[in-house]
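Starting from the known structure of chain A, fit chain B onto it as the hints suggest.
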Amino acid sequence: MNLLGRLLKGFRFGVLPVPGRLLAVIFFVFLFILPRVVHLSNYWLLVLTFCSIFAIFAASWDVLSGYTGQVNFGHALFFGIGAYSSALLWKYVAQPGDAGTVVHLLQPWVTIPLGAVCATLAGVITCFPALRLRGPYLSMLTLAFPLMLLGVVFSFKDITGGEHGITEIPRLAATRFDEYYICLIVMTVAVLIMWKLTDAGSRYVRTGLIFHAIREDEIAARALGINTIRYKVLAFAIGGLFAGIAGGLYAHVMQVAGPSTLVLPMSFQAIIWVVFGGIVSIYGAVVGAYTLYPLVEILRGPIPQYRLLVLPVIVILVLLFMPQGIAVWIRNKIERECPRCKLTNVAWRKECRACSASLR
Amino acid sequence: MFDILVVMTLFKGGVYGLLASGFALIFGMAHVINMAHTAFFMLAAYGMYYFMLARGWGAWQAVVVTVVAVTLLGVLAYRFLLNRVRHHPVAILLITMALAMVFQEIMVLFFGNIFLGAPSIMPGTTTMLGVTIYNQNLLSLAVMAAVVIILWLVLSRSKLGIAIRTTAQDAEIANVMGINISRTLMLTMGMATALAAVAGILVSPLWTIYPHMWQSPLMMVMVVVILGGLGNIKGSFVGAFIIALVENLVVWFMPSGAYLKTVFVLLVMVIILVVRPGGLFGIVFEEERL
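So the protein sequences, as listed, match chains A and B. The numbering used here numbers the first residue of the first sequence as 1 and each following residue consecutively. The numbering used here numbers the first residue of the second sequence as 1 and each following residue consecutively.
Heads up, a few of these hints could be off.
Now the stretches of chain B that chain A is said to cover, found in silico as 3 or more residues with beta-carbon under 8 Å [as the list claims (entries may be wrong)]:
#, segment
1, 92-98
2, 114-121
3, 220-229
4, 271-277
Taking CB as the label site, the calculated pair distances span [said to hold, decoys possible]:
#, chain 1, residue 1, chain 2, residue 2, range
5, A, F154, B, I271, 13 to 23 Å
6, B, I271, A, R222, 20 to 30 Å
7, B, V131, A, E163, 33 to 43 Å
8, B, V131, A, F154, 32 to 42 Å
9, B, K234, A, R171, 47 to 57 Å
10, A, I159, B, T208, 30 to 40 Å
11, B, Q169, A, F321, 29 to 39 Å
12, A, Y306, B, L153, 51 to 61 Å
13, A, Y306, B, W60, 27 to 37 Å
Just so you know, the hints here were simulated from the structure itself, not pulled from any lab data. All values derive from a computational prediction rather than experimental measurement. All C-beta atoms in this analysis are idealised placements derived from N, C-alpha and C, irrespective of residue type, glycine included.
With the rest of the complex left out, here is chain A (with noise of 0.2 Å):
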């Protein structure tokens, strides 16, 4: 009851009346009951379970480059390291059966959480010849990585498959639905732990706070006696571990772990995700991803031959408009911060909520 008691009262004082917040909870309540109340067709589930596994990729890419301003054009690293350990994991963890049959011992709910958790290790890896640099410097070395890992997949074919990948793993679930199901919930965990990572004014965990120090400026948040070096590893390992369960639950939808997981298109659009949404903020990754990757299935229909040209018109347009991108553009225009107590309002409102300053 006491719980309840205090959820029910963080709705109405920290939800209802901050719009952006109220849009979430509005959006993450329609995605759950869409399925229920409207019948899609599989292959509309299967879209809208690529957005949820997008999100959390494009989130983790937030974490690790909008927050903390490690700018990774590799993101698709973890994301296949990922998608191909927890394969692999399936295939090679295994034992003869009766008759020549092979019994797989671990399951795709074992071997996600263990690739992920090899993916949070490259993460780590990953880091020790990145922390050195900065800038582009650093974009391009982690832009090398997912291809020269590309480059080891196609030397080790008999291991890897080449480039038809590891295929025939198991799916995630019977059907589709509870497919969609099962990433919804693991999007809107991840999503929650990763936005309070990096929401910089809890009062009950720093690292938002401090990755924001890092990116603004790395010395004078060393000078205030942050290890910042400790936190990069950090925010990499967590960019690695949320990218990490994106790319297996990816492989197991689509039943393959292949090359196209860790291709520079698959980086960029992480990239492309986060920025059309709206950089430093989690929900402009969610945005990003469930606006543009069903665009590109909606265009599919009325006008196939020019889908690939008017998706990067759209991109173009939006951003010369909203060049911070589209959730951060809608909830600077819905919503005010009070100049006296910093306490976020309706945009609509003449005074504060709390301390009844004048907002005009």
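Frame of chain A, contents of chain B only:
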């Protein structure tokens, strides 16, 4: 056979150098990572194909029209797209990437998703010191050398070059000194695009022309620019020849592993970056070092 390696390295290094110097120029000036840089290179190659084969023009008319048209396109793209979001570096990154995709898709619509080849500007071969070289390669090397000298003269001697270098060092002070930042940036973008266009024209008879041909050079150009030290044009050329040599050596020593040439190029870049975090000729300020 070894001399072919030398010629190929010189040619490829020259192309990468031309592309990378333009990329480095606009990066050093405006801190714009221009992902559409090699898309202009692709447009120039298509321009040569279109004017020479489809229109049947002479080589020199086609060259002039292509360079002018592509440069104009670059200037317009800067004036109407990039200039507006100059203060949002990630938005610029994304807009230029989207622009490259727009160019690519327009080329797919007009010419189809097929491999094309443009006719040679200067057909035939020459035998020099016992080596037979395509005249096209010789012409390319001569043009590259000429362009490098012109670029160096413009940057070091002309008033525009001084304005460009001043803006690159400190845009605010340059503005106070009466330099029109917006105009200088636009002219720099024009110069950078013209360099890309020249590179595109030079490779058009030798490389296959297809709508995705900008992607692999783009990565190589970014590697070259990082290797040489950002915004450093001398470094770009040195980096270009190193990368071209590595690419050719990989193909030379293991023809079956040609798909690994990108991996080796990236490996060289990673090693150099680990040893020298600012690239070969880049400057890392002491207070910035960790």
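* Asked: Going through the earlier hints one by one, which of them does the structure break, listed in rising order?
  -> 2, 12
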